[in-house]
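J.: Work the whole structure out from these sequences, hints included.
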Amino acid sequence: MKRQDQMLEGLGQEIRDHVELETQDNIVRGMSPAAARRAALLKFGNPTLVAEDTRGVWRRLWLDELAQDLRFGLRMLFKTPGFTLVAVLTLALGIGANTAIFSLLNAVMLQSIPVRDPRQLVVLLWSAHGEPQNSNSNSYGDCQRSERSRSFTSSCSFTYPMFQEIRNGVDRFSAVSAFAGPAQLNLAGNGTATMVSGELVSGDYFQTLGVPVVLGRTLEAADEKPGAEAVTVLSYAYWQGAFGGGSGVIGKSITLNGVPFTIVGVADPRFTRLTPGKSQDLWLPLSQISGLRIPWGHPQSNDSWWLTVVARLAPGASLPQAQLAVSTLFRNQVIHDALLKPADDPQVALLPAERGLVGMRGDVKQPLFVLMAAVGILLLISCANVAGLMLSRASTRQKEMAVRLALGAGRGRITRQLLTESAMLSVAGAAIGILIADWGANALAAFVAANRYSSLYLNANPDFTVLAFTVGVALLTGIVFGLAPALRGTSVNVAPMLKENAASAAAVVSGKSQKFGLGNVLVVAQVTLSVIVLVGAGLVVHSLANLKAVDPGFDTHNILQFGVDPTLTGYYKENQIPPLYRELQSRLNGLPGVVSVSYSSDTLLDGSLWTSEVKIEGRADKAMVETQMLAVGPDFFATMRIPAMTGRLLDQADVESGHEVAVVNKAFVKKFLENRDPLGLHLGGEDPKDPQYEIIGVVGDTKYSDLRLAVEPTAFKPLKKGGVHFAVRTASDPLSVLPAARRVVADLDNNLPLFDVRRQTDRIERLLFNERLIARLAGLFGLLALVLACLGLYGLLAYEVAQRTREIGIRTALGAQKRDVLRLVGTQGLALVVSGIAFGVVAALLITRFLGSLLYEVRPTDPVTLFAVCILFLLVGALACWIPARRAALVDPMSALRCE
Amino acid sequence: MSTKETQKRIELLQGTLDLLILRTLLLGPAHGHAIAKAIEFRSDDVLQVEQGSLYPALHRLIKRGCISVEEGTSENNRRAKFYKLTARGRRQLAAETSKWEKVARAIGRILRLAEQEGES
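So the sequence lines, in the order shown, correspond to chains V and A. Each residue of the first sequence is one higher than the last, beginning at 20 in my numbering. Each residue of the second sequence is one higher than the last, beginning at 12 in my numbering.
Since the hints were derived computationally from the structure, they do not count as laboratory data. A portion of the hints provided could be inaccurate.
Derived lysine to any residue pairs resembling SDA-like cross-links, with alpha carbons at most 25 Å apart [unchecked claim]: (1) V:Lys62 <-> A:Glu126; (2) A:Lys74 <-> V:Lys739; (3) A:Lys95 <-> V:Glu39; (4) A:Lys48 <-> V:Ala53; (5) A:Lys48 <-> V:Pro66; (6) A:Lys48 <-> V:Glu632; (7) A:Lys95 <-> V:Asp24; (8) A:Lys48 <-> V:Ala58; (9) V:Lys739 <-> V:Ser615; (10) A:Lys48 <-> V:Arg74; (11) V:Lys62 <-> A:Pro40; (12) A:Lys95 <-> V:Gln25; (13) A:Lys48 <-> V:Ser51; (14) V:Lys62 <-> A:Phe93; (15) A:Lys74 <-> V:Asp36; (16) A:Lys95 <-> V:Val76; (17) A:Lys74 <-> V:Asn65; (18) A:Lys48 <-> V:Ser615; (19) A:Lys48 <-> V:Lys418; (20) V:Lys384 <-> V:Asp482; (21) A:Lys74 <-> V:Met26; (22) A:Lys95 <-> V:Met26; (23) A:Lys48 <-> V:Ala70; (24) A:Lys74 <-> V:Gly75; (25) A:Lys74 <-> V:Val540; (26) A:Lys74 <-> V:Thr67; (27) V:Lys418 <-> V:Ser615; (28) A:Lys74 <-> V:Gln32; (29) A:Lys74 <-> V:Arg74; (30) A:Lys95 <-> V:Val38; (31) A:Lys95 <-> V:Asp881; (32) A:Lys74 <-> V:Leu30; (33) A:Lys48 <-> V:Gly49; (34) V:Lys62 <-> A:Glu61; (35) A:Lys74 <-> V:Leu726; (36) A:Lys48 <-> V:Leu30; (37) V:Lys62 <-> A:Ile118; (38) A:Lys95 <-> V:Ala70.
Small disclaimer: the values here were computed from a predicted structure and weren't measured.
T.: Here you go:
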């Protein structure tokens with residue numbers, strides 16, 4: 020550009036000099052000065068054109084025209100600030116909502132694993148037509164849900180010996196690592212004892228993933244050797260939070276479940292997860308598991324399937340080659356160890372880690388896609404809305420277009436100009452939209468994280484994918500809503516447009532082609548789309564209300580629950596634990612504001628479920644049956660307010676005595692004992708040596724793990740070992756007793772951290788997370804859609820009334836009553852609303868069945884919801900019609916006729 | 012002038028003007044008007060350039076690197092831009108000239124043949 024300016028500088032002067040010299044020559048040849056100049060100019064040609072052509076040599080044409088379009092567009096947009104503001108905000112809303120949901124979708128579903136070269140990483144999944152002998156298997160939500168039945172098993176869990184075989188025996192892998200957990204660990208030695216989640220990993224874990232440290236060193240292969248010093252690496256977030264990011268942390272000793280560990284490193288901040296939705300505070304070598312008394316993994320055992328295995332393909336090795344190698348090795352090994360038979364056809368599949376490590380994707384996939392669909396529709400509505408605005412503006416600009424066409428502008432050029440304007444609107448909308456999205460995505464991520472069962476770090480900050488998405492959406496939006504008005508704007512018949520004045524000419528146009536024109540179509544489309552979103556939102560809100568109205572069988576209000584697990588401190592003997600609980604129970608009971616206290620192995624309505632196969636005495640059918648189980652402390656039923664039916668309840672003596680007793684619920688009696696008197700009967704394991712529990716009482720039915728599931732048979736037995744959740748029933752807000760409760764626990768044992776501190780109502784909220792997320796957001800989007808659609812309707816009618824002022828004036832002058840004018844405008848508006856609703860209801864009936872599993876006791880075609888949405892729309896739509904209709908009715912015929 | 016005006020003037024082919032400019036500048040740097048004059052004079056005024064079309068052509072050549080510009084003083088003592096052949100321009104001229112001659116010879120041969128046939 021600089022060279023161009025330099026070259027073109029003084030061009031005008033040069034041309035003038037040229038003509039001057041030629042004139043001089045002509046004078047010398049004997050012409051009069053005037054004739055000489057004329058001849059010179061004749062010979063030269065048109066100087067302006069020459070200068071323009073010369074500039075044209077240098078100009079990159081399209082860039083120049085683009086700049087011109089942008090300048091002109093900017094001027095037009097600033098000329099109508101009201102229009103611009105409404106259009107930009109509407110688009111910002113649409114684009115912002117889309118970007119926010121997409122950011123979350125991206126964080127959960129699309130973002131690549133933050134490790135080196137994630138595409139080379141695979142996760143191992145084995146399958147067989149049968150279960151390994153004597154196996155006990157543990158998994159931690161990394162892989163797709165494992166299947167276990169007699170005929171088919173598929174799982175990502177491997178034994179330690181098998182992992183060793185694969186690590187040493189498959190040369191198609193350059194590295195193989197395993198991990199398990201995270202385990203809940205009692206961390207002491209850094210202030211008050213706390214619960215942390217620690218993942219057990221093989222020593223080469225960090226090397227395999229290619230994750231560096233910011234401080235100290237990673238775990239190394241030697242750390243996994245038996246007898247190695249116990250070391251741990253902290254996650255960056257935990258180091259920041261618990262150690263203030265101080266570098267003195269390296270070499271510091273902490274105690275995990277009573278075992279001293281040395282901190283040797285802090286992992287890179289980018290390494291927040293391997294599996295989506297799982298994050299941990301620290302990593303430890305998996306050989307440490309036995310010292311930590313974690314029950315679910317045994318390094319030497321062939322029966323304990325507890326390790327998830329990831330591997331990195333060797334350079335040049337293909338996935339099928341590696342799969343064949345590892346599959347052969349696995350098959351030989353399990354058959355050699357007689358764990359499976361050749362007929363079981365054991366084999367291993369390699370899944371790319373990005374796809375294979377599912378994590379939370381499974382849970383949130385459906386709500387995220389439902390929300391994405393909702394915001395997609397919202398964006399379409401925004402587009403239709405702005406297109407409507409553009410269309411009415413295009414009509415008022417038809418004279419301008421006609422003038423420009425008459426002056427020789429190409430239709431293509433004008434179309435491009437109009438598209439540039441709409442693209443500018445959508446880009447401005449996207450810029451504001453990104454701000455909305457940033458706020459929205461972080462609020463959403465926080466909402467999701469607050470409702471997870473384990474700690475979660477979601478990176479919802481816009482990254483390149485999100486930005487590309489937003490820019491793509493913005494440009495597409497600009498073209499979608501800009502194209503129709505642009506084409507309409509240029510298809511102007513020049514001559515009549517220039518003859519008529521603008522308003523009446525536009526009226527001619529609108530009268531002729533807009534009766535069933537684009538404007539009406541756009542409004543109907545908006546109403547249709549809004550009805551779909553509103554019906555969907557209505558169904559989920561309705562389901563949520565149904566779920567909240569479910570009677571769980573106990574009083575969920577004013578209960579605070581928290582977990583304590585003295586078994587993790589490492590210094591309690593098994594027989595010391597029940598007295599500890601008893602002491603804690605009586606001290607908590609003494610606190611002011613506390614009504615009653617008890618404890619249980621799990622909390623109800625918190626997603627967890629314990630089931631057991633039992634044999635029940637007195638049943639005609641001798642087969643084992645599956646029942647839900649819960650171990651509880653004294654006063655549990657009183658504290659939860661579960662009503663007693665017959666017999667007696669569990670008390671302190673039952674906890675201490677060797678005589679095993681149990682209480683069952685009504686469903687148990689009904690399903691297993693055909694409503695016979697259960698008192699005195701026994702239930703227990705198949706082996707007569709297993710404990711047999713005497714049924715001493717019956718209590719009312721309660722929901723156990725989930726509100727949606729029907730009440731199932733449940734047996735309650737006295738809690739004699741393991742960690743517990745205390746339940747504290749209070750007179751008023753349960754959180755008010757929390758500080759005192761913490762002091763009570765600390766007074767008894769300073770190294771006993773409280774974890775999972777929540778009210779029962781919070782637990783239920785968390786259980787209903789998907790429904791709440793969708794009800795809340797889809798409800799919001801539905802209302803936005805309603806408002807946008809009605810604004811679109813209002814805009815169209817208001818514009819038409821303005822255009823038809825003269826016609827209405829004439830009608831009024833000829834004797835039309837206000838009523839007639841109201842009807843004239845109102846009928847059109849309501850016709851649009853009604854047809855939109857009709858289309859919307861039909862579309863909703865087709866679409867809502869995809870909500871399927873989100874609904875509860877509401878059919879996807881629920882007439883109540885459909886009816887309510889229709890009425891709501893009619894009311895708001897009528898309001899949107901009423902305002903312009905009234906304005907039309909108030910037109911003063913004299914001034915309307917005179918203003919021409 | 013009047014005698015000359017009766018002569019038929021030939022409009023220049025696109026691209027030929029570039030060649031003529033390069034040829035003119037082979038004699039030394041010149042400003043725009045001088046180039047126009049030189050072309051007219053050396054073709055005995057047969058080739059008539061609409062002088063204005065010289066300028067886009069000059070800038071095309073600058074852009075292609077065949078000529079460069081320097082400031083100088085014209086005969087009437089005004090500051091003027093002088094256009095000057097570059098090395099690349101020289102090569103371009105040689106190539107274009109030989110191409111032109113080849114084409115001219117070929118066309119000439121064809122025309123002569125046609126003439127002889129017409130005579131016989």
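J.: Hints first: check each against the structure and report whether it holds.
T.: Here's how the hints hold up against the structure:
1. V:Lys62 <-> A:Glu126: violated, 36 Å
2. A:Lys74 <-> V:Lys739: violated, 93 Å
3. A:Lys95 <-> V:Glu39: Status holds; Cα separation ~22 Å.
4. A:Lys48 <-> V:Ala53: This hinted pair holds, its Cα atoms lying about 21 Å apart.
5. A:Lys48 <-> V:Pro66: Status holds; Cα separation ~18 Å.
6. A:Lys48 <-> V:Glu632: violated, 111 Å
7. A:Lys95 <-> V:Asp24: holds, 19 Å
8. A:Lys48 <-> V:Ala58: holds, 15 Å
9. V:Lys739 <-> V:Ser615: holds, 20 Å
10. A:Lys48 <-> V:Arg74: It holds: about 23 Å lies between the C-alpha atoms, which stays within 25 Å.
11. V:Lys62 <-> A:Pro40: holds, 23 Å
12. A:Lys95 <-> V:Gln25: Holds - the C-alpha atoms of V:Gln25 and A:Lys95 are around 16 Å apart, at most 25 Å.
13. A:Lys48 <-> V:Ser51: holds, 20 Å
14. V:Lys62 <-> A:Phe93: holds, 21 Å
15. A:Lys74 <-> V:Asp36: Holds, at about 23 Å.
16. A:Lys95 <-> V:Val76: Cα-Cα ~19 Å, so holds.
17. A:Lys74 <-> V:Asn65: The given pair, whose Cα atoms are some 23 Å apart, holds under the 25 Å limit.
18. A:Lys48 <-> V:Ser615: Violated, at about 113 Å.
19. A:Lys48 <-> V:Lys418: violated, 50 Å
20. V:Lys384 <-> V:Asp482: Holds. V:Lys384 to V:Asp482 sits at ~20 Å (cutoff 25 Å).
21. A:Lys74 <-> V:Met26: holds, 9 Å
22. A:Lys95 <-> V:Met26: Cα-Cα ~14 Å, so holds.
23. A:Lys48 <-> V:Ala70: Measuring from Cα to Cα gives roughly 20 Å; hence the hint holds.
24. A:Lys74 <-> V:Gly75: Holds - the C-alpha atoms of V:Gly75 and A:Lys74 are around 12 Å apart, at most 25 Å.
25. A:Lys74 <-> V:Val540: Given pair A:Lys74, V:Val540 is violated - Cα atoms ~53 Å apart, limit 25 Å.
26. A:Lys74 <-> V:Thr67: Measuring from Cα to Cα gives roughly 21 Å; hence the hint holds.
27. V:Lys418 <-> V:Ser615: violated, 81 Å
28. A:Lys74 <-> V:Gln32: Holds - the C-alpha atoms of V:Gln32 and A:Lys74 are around 20 Å apart, at most 25 Å.
29. A:Lys74 <-> V:Arg74: With a Cα-Cα distance of about 12 Å, the restraint between A:Lys74 and V:Arg74 holds, given a limit of 25 Å.
30. A:Lys95 <-> V:Val38: holds, 21 Å
31. A:Lys95 <-> V:Asp881: Roughly 86 Å separates the two Cα atoms, so the pair is violated.
32. A:Lys74 <-> V:Leu30: holds, 15 Å
33. A:Lys48 <-> V:Gly49: Holds, because 18 Å separates the two Cα atoms, which is no more than 25 Å.
34. V:Lys62 <-> A:Glu61: Holds, because 6 Å separates the two Cα atoms, which is no more than 25 Å.
35. A:Lys74 <-> V:Leu726: violated, 78 Å
36. A:Lys48 <-> V:Leu30: Cα-Cα ~19 Å, so holds.
37. V:Lys62 <-> A:Ile118: Not satisfied, since the Cα-Cα distance of roughly 31 Å exceeds 25 Å.
38. A:Lys95 <-> V:Ala70: holds, 21 Å
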